[in-house]
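Chemist: If you read the sequence shown in the numbering used here, its first letter stands for residue 112, the second for the next number, and so on.
In case anyone wonders, no lab produced these hints; they're calculated from the structure.
One thing to keep in mind: the hints can contain errors.
[Stated by the list, open to error] Straight-line C-alpha distance at most 35 Å; calculated DSBU-like pairs for lysine-lysine:
#1 K243 to K230
#2 K220 to K243
#3 K327 to K352
#4 K154 to K124
#5 K175 to K124
#6 K185 to K234
#7 K299 to K279
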Amino acid sequence: MSSHEPHGGVQVKVRERYESAHFIHFYAHQLNLIVERCVTGNKQVRIFFSNLEGISSFFSQSPKRAAVLDEVVKKRIPSCPQSIRWNFKSRCVTIAHKFKQRVVECVGKIIDDESNDYKTLNKATGMKSFLKDNDFLFWFDLFNKTMPHCDILFNVICLINDHLSTAKLFEPSLFPRHSIAFPDNELKIAVGLFNLNPKELRHELNVLYGRTEFVKASGALTLLNCLYEHNLVNAFSESVKLLKIIVTIPMTPERQNGASLL
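When you get a sec, could you build the whole thing from the sequences and use the hints?
Modeler: Given below as structure tokens:
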């Protein structure tokens, strides 16, 4: 777990002995908060995303403009309002950047259309201007290159969160509850992540949940050691595979409490 103690808490003590161990937060949206706080402090970045959202809203608010977009670009530009999570803005940036030149062409076509009103012409002219602005293009290129990497990291952290949820399968304090209502969702996640045999794992877990000696275990590592000490590795082969994964991936299931660390 993390700590604000002078000596750094458990994570520092672990890294003193295992230099390659990594401290990872429980919630994937911590990444979203970290990136969001970093970039929204920059005025130019806020202006960039405001303008980018303006492209989407310009076409979505008018069927006539949307028809021109469909004709020229043949692709709708996703919305990226400030309220949505950072990782969802990636799709807007990627698509808008891919069809950047076609969007410029589309805007030019709207400006040349004499049937459009002054309000439409004003918005289209402003959009054409910032689509050629050096500052806008700089941020456009930068985020187009960097945001896919954020997406990859976000997905990895989501997988880690799934891993943490599978650890509930072997939380002894939950065994009485699991014996009444089997944790099907956690089992499904574990099988999907680690290619385990679902029938065998379910059977083994049902046995674990009903045995008092296993309920007394203090955690996944203790439970794994118990299976080895009683020569039950072969009898609980799928459980042992999953327990080894759970106890060897370095992480901490910390809940959100203050400033994010990564």
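Chemist: Honestly, which of those hints from before does the structure not fit?
Modeler: Checked against the structure, the hints that fail are numbers 4, 5, while the rest are satisfied.
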